[in-house]
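Which chain is which? The protein sequence lines are G and U, in order.
The first sequence runs contiguously to residue 1559 in the numbering used here.
The second sequence runs contiguously to residue 1559 in the numbering used here.
Accuracy of the hints is not assured; some may be wrong.
Put simply, identical chains are the same to the list, so a pair is met inside one copy or across any two.
Claimed, not checked - Think about it this way: if two alpha-carbon atoms lie no more than 25 Å apart in a straight line, the pair counts; the simulated DMTMM-like pairs of lysine to aspartate or glutamate are: (1) K1373 to D1395; (2) K1373 to E1387; (3) K1348 to D1518; (4) K1348 to E1520; (5) K1373 to E1390; (6) K1348 to E1426; (7) K1373 to E1426; (8) K1373 to E1404; (9) K1373 to E1358; (10) K1373 to D1430; (11) K1373 to D1312; (12) K1348 to E1545; (13) K1348 to E1320; (14) K1373 to D1352; (15) K1348 to D1270; (16) K1348 to D1430; (17) K1373 to E1545.
Hints were generated in silico from the structure; no laboratory data involved.
Protein chains: 2
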Amino acid sequence: MRVAVVGATGAVGTDLLRLLRLRSFPATEVVPFASERSAGRTIDGADVPVRVMADDTIDGFDIALFSAGGSTSRTWARRFVERGTTVVDNSSAWRMHDDVPLVVSEVNPDALDGHHGIIANPNCTTMVAMLPLKALHDVYGLREMVATSFQAAGGAGQKGIDELAAQVPVLSEDMEALRTDGASAMRRVEHSVHADTLAFNVVPMLGAIGEEGYTDEELKLRNESRKILDIPDLLVSPTCVRVPVMVGHAVAIRATFERTVDLDEANAALAAFPNLVVQDVPTPLEWAGRDETAVGRVRRDLADPERSLNLFVVGDNLLKGAALNTVQLAELLHQRGLVRATARA
Amino acid sequence: MRVAVVGATGAVGTDLLRLLRLRSFPATEVVPFASERSAGRTIDGADVPVRVMADDTIDGFDIALFSAGGSTSRTWARRFVERGTTVVDNSSAWRMHDDVPLVVSEVNPDALDGHHGIIANPNCTTMVAMLPLKALHDVYGLREMVATSFQAAGGAGQKGIDELAAQVPVLSEDMEALRTDGASAMRRVEHSVHADTLAFNVVPMLGAIGEEGYTDEELKLRNESRKILDIPDLLVSPTCVRVPVMVGHAVAIRATFERTVDLDEANAALAAFPNLVVQDVPTPLEWAGRDETAVGRVRRDLADPERSLNLFVVGDNLLKGAALNTVQLAELLHQRGLVRATARA
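Next up, chain G with everything else stripped away, as it sits in the complex (with noise of 0.2 Å):
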C-alpha cells in the first residue's frame, strides 16, 4: 500500500509516521506532504522528501492519512477520494456529514463498513471520554452526560505546546505576582494560539462562541458523543477548558444511565474494555505517550446513585486523540478489505 501523510510536520503528522513505523504498517511507500515551507524537507518515518499536494503528486494512494487542518482537508480530501484513495481524516471538516463514518477503532469499528471513501477521526477530548463510556453504555445504556474538560495545550498542536512553553520561564521568573498581581503577570507573555495566558492558569474557552454560547469545541463534545455512541438524543452537558499540561487530556463526567448501576459491575466492565485501565487516581502527564487511555476515581453519584456515575478519564491527545486512532483506523480498514473500497465500487 502506498500512503500519504498530509500535516506530516505537524504535532500529530510527526506521531502518524512514527506510528506507521512502529506498528509496522503494511506500506510499501509512505510519502509526507506538507506546505510550501516544509517542501523537500527529509522527516523521520517517509521514505521521500516533503512533498506539495496538487493534481500530479496525489495519485496512486491507497490510504491518506490528514492532518492539516479544516480547510485543507475540505479542498483535497475529496481529490483523493476521487482517484480511488480511502482518506481518514483528523480534522473536524468532515466529522458530521451523515455519510462519513466517524469511528473510534474500540468503540464502533463496524462504522467503517460501507464508507464512500472519508472515514474521520473525532475530536481528541471526545475520543478519550468514548472508551470509558462505551463500556459503561454497553451494560446501562448511557443517557446523560456532564462533561468539564482538562486540555492539554498539545491539543492545539505543536504551536500550542510552543506558547505555553515560552510563557512558562517569563512567567516563573516573578513567582510573587502569581499570587499578588495575576493580571498584571499576565501582561508580560503573549498568546495568539489560546484565548488567554495559559501558564499558571486555566483558560475555559477553546475556539470559538456559537450556539447557545457554547464554543466549538464544546459542541463537538456533544455532537461527535452522540454519533460514535449512536445515542441521537444523547443530553450532553459540555464544558471545555484548556489547562497548563504539554499534553494529555482529561475529563471528568457525571454520567446517568437509563438503567441502575452497580460499582464493582462497572469497574469491571471497564478493566475488561480493550485499551482502557482502570486507575485509582489517573493524571494525564502519566499517560502522555502511552497508547491506552486511563480511567479512575469511578464512584456513585451523590445526587443520584442509583443511576449516575461519576469518572476522571485521562489519554494521551496525540496518540489516542489523534495520531493512534487514525492509524488504528488504518489498520482496520486494511484487515477487513476496506481500503480502496470506493476504488472497487
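Got chain G sorted already, so can you dock chain U onto it with the hints?
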C-alpha cells in the same frame, strides 16, 4: 480591640496581617502567634514579635483569627472563647458544628447573630462558588449542582505553592519527556503536599477518600454549600481537581433550579451581587490578588435549557477564599456589636 492572628507566618496568615492593616481594621494591637520555630520573629503587619500560644499568652483578646490547621483550632479555639475572645476560624475543624455559624460575608451575614464564640470561614473552593450561586438561588431556587473544581496549589498553603514552584524548572528541562514519556518525567521530581506531580499535570485527588469514594474536599463542597445557602437537601455532585496554578481557584458549575431561568435576568442578578464581577471568560490568574470573585461563560444548559445554567467562577483562594473573608467577618462582628458577645452573655 486586641486581635490575635494564629498561624501568622503561613500563606493565609501573612494575608490576614496585611489585610487588617490595609483595610484599617480598628485594632489597638495585633499579636501574631505561630509555632516555636517562628517565635520571636518580627513580621509585617504585627505590633509585636511572634508568640507561641500558652495559657498565659492568650489572655485579653477581643478577636482571634485562626489559620493554622484543624488540630490547632480544635485544641485552642475553645480556650480563647473561654477567655471571652470571639474566634474566626479558617480551618475545617468547626465548620459543620451546629452551634458554629459558617459564613460568607456577602451571602449569609445574618448567620453571625447569636454566635457562641466561634465563627467558621468556609473552605476556599466552596467560598468562591457561593457568591454566584447565592445570587441565582435568590431568584430561581437552587436545587442541584454538578461542580468540577480547578484548584490552585496555594489551596494547600505556602508549602503547596513551594512544591509546584520546585517542580516546574525540573520538568521544564526536558519538554520532550512531557510529551513522549510523562511517567518517567514524573519520577524526576518529588511530591508530598499534592497527591501526585502537579507541574504540567492535573491531579483529581485532594485530601483523603471518605464516604462513597469522595474526597474530604468534595464532601466539604457539598456539606458547606448546604449550610451556607441554607438548603439542607441541596443535591451536589462534586469533583475536586488540583491544577498547576499558583493562586486562584476556579469551579465549573452546572446548576439546576426550581424555577425557569432567564439568561438576561440571571446575568443581571450576578452583576448586581456585591463583590462579584461578570466577565465573558474569567481565568484564575487574572483574578489572583484581587478581592472580587468573577463569573463567566454563563449559558443555558444544552440538556435542560429551562431550569439549568452553566457557569465558570474564579476567585483568589487566599483572599476571598480565606484571609479576606476572615477579615470581612471580623469587620461585620465589629459593625454589628457582636465582638465579645460571648463574654457579655
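Inset, instruction - If the cutoff is 25 Å on CA atoms, where do K1373 and E1545 land: within, between, both or neither? Let me know, please. - result: neither (29 Å within a copy, 49 Å between copies)
Inset, instruction - At 25 Å max between alpha carbons, let me know whether K1348 reaches E1520 within a copy, between copies, both or neither. - result: within (19 Å within a copy, 29 Å between copies)
Inset, instruction - Tell me, please, which holds for K1348 and D1518 at an alpha-carbon limit of 25 Å: within, between, both or neither? - result: For K1348 and D1518, both the intra-copy (20 Å) and inter-copy (23 Å) Cα distances are at most 25 Å.
Legend entry - Up to 25 Å CA-CA - E1320 versus K1348, copy category: Classified as within: same-chain Cα gap 9 Å, cross-chain 44 Å, threshold 25 Å.
Inset, instruction - If the cutoff is 25 Å on CA atoms, where do K1348 and D1270 land: within, between, both or neither? Let me know, please. - result: neither (42 Å within a copy, 65 Å between copies)
Inset, instruction - Go through the copies and call it for K1348 and E1426: within, between, both or neither, with a Cα cutoff of 25 Å. - result: Only across copies: K1348 and E1426 sit 24 Å apart there, 27 Å inside one copy, limit 25 Å.
Legend entry - K1348 and D1430: within-copy, between-copy, both or neither at 25 Å Cα: within (23 Å within a copy, 30 Å between copies)
Inset, instruction - State whether the alpha carbon distance between K1373 and D1395 is at most 25 Å within one copy, between copies, both, or neither. - result: between (27 Å within a copy, 20 Å between copies)
Legend entry - Alpha-carbon proximity between K1373 and E1426, which holds within one copy, between copies, both or neither at 25 Å: Neither, since 29 Å and 42 Å both go past 25 Å.
Inset, instruction - Measure nothing new, just compare the shortest in-copy and cross-copy C-alpha distances for K1373 and D1312 to 25 Å and report within, between, both or neither. - result: neither (32 Å within a copy, 54 Å between copies)
Inset, instruction - Check K1373 against E1404 for me: Cα-Cα at most 25 Å, and say if that holds within a copy, between copies, both or neither. - result: Close inside one copy (13 Å), not across copies (29 Å); limit 25 Å.
Inset, instruction - Up to 25 Å between alpha-carbons, please classify K1373 paired with E1387: within, between, both or neither. - result: both (22 Å within a copy, 19 Å between copies)
The structure is inconsistent with the numbered hints 7, 9, 11, 14, 15, 17, although it conforms to all the rest.
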